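*Asks:* On the provided structure of chain A, position chain B as indicated by the hints.
2 protein chains.
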Amino acid sequence: MEITRRDLIKGSAAIIAVGSLSVPTYARDRDPLPSWNDGPAKQAIIDFVKTTIDKSSPKFVPPEERIAEFDQDGTLWVEHPVYTQVFYCLGRVGPLVQQKPELKDREPFKTVLSGDREAIAKLPIRELFEIVLETQSGMTVEGFRNDANQWLAKARDPRWKRPFTDLTYLPMQEVLKYLRANGYKTFIATGGSAGFVREYSEQVYGIPPEQVAGTSQAIQYGYDSDQHPILTREPKLVLNNLEAGKIENFWLCYGRRPYAAFGNSSGDDQQMLEYVKAGPGERLSVAVLHDDATREYAYGPAQGLPDTSVGPFSQAMYDMAKKQNWVVISMKNDWKQIFAWEK
Amino acid sequence: MEITRRDLIKGSAAIIAVGSLSVPTYARDRDPLPSWNDGPAKQAIIDFVKTTIDKSSPKFVPPEERIAEFDQDGTLWVEHPVYTQVFYCLGRVGPLVQQKPELKDREPFKTVLSGDREAIAKLPIRELFEIVLETQSGMTVEGFRNDANQWLAKARDPRWKRPFTDLTYLPMQEVLKYLRANGYKTFIATGGSAGFVREYSEQVYGIPPEQVAGTSQAIQYGYDSDQHPILTREPKLVLNNLEAGKIENFWLCYGRRPYAAFGNSSGDDQQMLEYVKAGPGERLSVAVLHDDATREYAYGPAQGLPDTSVGPFSQAMYDMAKKQNWVVISMKNDWKQIFAWEK
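Protein chains in written order, with the working numbering: chain A, 1 to 343; chain B, 1001 to 1343.
These are computed hints drawn from the structure, not numbers from a lab. Among the hints, a few may not be true.
Ranges between beta-carbon positions, derived for each pair [said to hold, decoys possible]:
#	chain 1	residue 1	chain 2	residue 2	range
1	A	Gly-206	B	Asp-1054	18 to 28 Å
2	B	Ser-1225	A	Asp-54	28 to 38 Å
3	B	Lys-1055	A	Gly-138	37 to 47 Å
Small disclaimer: the values here were computed from a predicted structure and weren't measured. Glycine is no exception: its CB is placed at the ideal position from the N, C-alpha and C atoms.
Same shape as in the complex, but just chain A:
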């Protein structure tokens, strides 16, 4: 069989046509957020991405400035009834008190040792910090990494009996991938300890350790008994990543105002969301409202629960969200599916 030049040109034209039409059609038709119900929250996220990557838009954001910042606990994964990291630290209090018996009668260690789960869940965040600092210090950075990884591999959450790393929200995983597919770099800014989150952030969220900022204790240079240089974790807080600290430290470590921020807690994310939304150009601030008592949890004043200074989603933050035009996600109404392993 002979092929004419005309056939060749026609064939090439067909290939070019298929190539140039099919990819955009596919991209247009494919829902980037399939676990989301259609509604204003989903639409606002998609509109934000489309606007900021559109070169013809006055709100176009150059690729190198595309930075999105995510709180972790309560935003990317379950934080109730107690932060995962607190479960980790609580298991270390027993051995710690054996080494330092003077802690036994001191709060918050006394409450932890009592085993009273309700009392433990009510410990103020600054007392949790004290537990974190005491239990996560005195070892090298590698020693801590090993211990955290061993715990993460074995530990199961009390409700679903799954590894904690299974408790990430599928709709937020889709947002992370959607942003990255459109040139956004994704960062975590956690009120928890950066070192702990860095152990699973790459595997669980596709976010490398160097893009995780968090509460941090001092790291001290020194030498081991063989005169090899080591870094050890010290019981001293150097970066407090709660409240305003979360956005102050983001600037400190990365020197950027993100274009998008995702959070859920008034004691943790309010200033970050306010500051991001106040930036020039198109900005997206999103707050997750935990209002699904069946599939996850319902808490916060919008659910008729008590409003505490570090509690999730205070009435004041809710009012600010409405006034400043943040996107508020209702887990109950906006999320079709919450976890990847469901159904």
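*Replies:* Below, chain B alone, put in the same frame as chain A:
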């Protein structure tokens, strides 16, 4: 003219052959470091890259772990006779003293106001920090950015009469590009102020602000008179990125031990270079020795100049470099060309 199927197949085969042969040949033949003279320093850098990207090597480094850290002043660009940032801050001392006359008779401000260049060049680093803190605070982060950019656009260095951003070392620019072309993420870890370096790091080195760690003063959340949220720079040191602080803070911000580190100063880079070299697997620690009095500067004890605690390349660091098998770059012998604009 008719084209047969055989012609088509032959043509395709030729295209495939050209495609698969020519690219590797080109890559093999092309010198990634053309401004370097052949010698052990150049060879060690190339060997490190080849070994760590070779999947069949036991020293292969997975792409996500390929992190390289660079000091800036004296490693990526000229630091003599005074750090660029000090030139910037000195120009701000006059206006500052008008606002705060009580500083006039206090050191180090008194020395700066005297205009005695030699005395200014000899100010200890902690007094320079005080000048930096006083002159770079009290404004919003955006206000600082604007001011720094205006200065950088106008300022000229005293010797070559060029913008300071022209004074980067071409051979190091080649190393940055060579590492990135092989999957390494490049970071700056500066003893200077992170906020200042972030203003030109992307344009000058291709390193985005979020990959610049440095000495940092406090950032404070607040509101302007219109109740818009702002971040202001405060005269309080929170991250001291000198000596051991440089590697401690790298861990704090990024949670990684780099595979390669480049520095030049014993008061600034010694611990970073020691810690990186001590890591498991293949590691590269490189120190730049300023020994070219004609084309750049010669200073440090290896040049018969006085050894100070924060001085560049003390004898102690030189001994450590030899013992621990760091690569020592002689600017005079290893670099064919120093600046891109030469010749």
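*Asks:* Taking the hints in turn, state whether each one holds.
*Replies:* Results for each hint:
Between Gly-206 of chain A and Asp-1054 of chain B the C-beta distance comes to about 26 Å, which sits within the given range of 18 to 28 Å. Ser-1225 of chain B and Asp-54 of chain A have their C-beta atoms about 35 Å apart, which keeps the hinted 28 to 38 Å range intact. Roughly 38 Å separates the CB atoms of Lys-1055 of chain B and Gly-138 of chain A, a value that falls within the hinted 37 to 47 Å.
Comparing the model with each numbered hint stated earlier shows that all of them hold.
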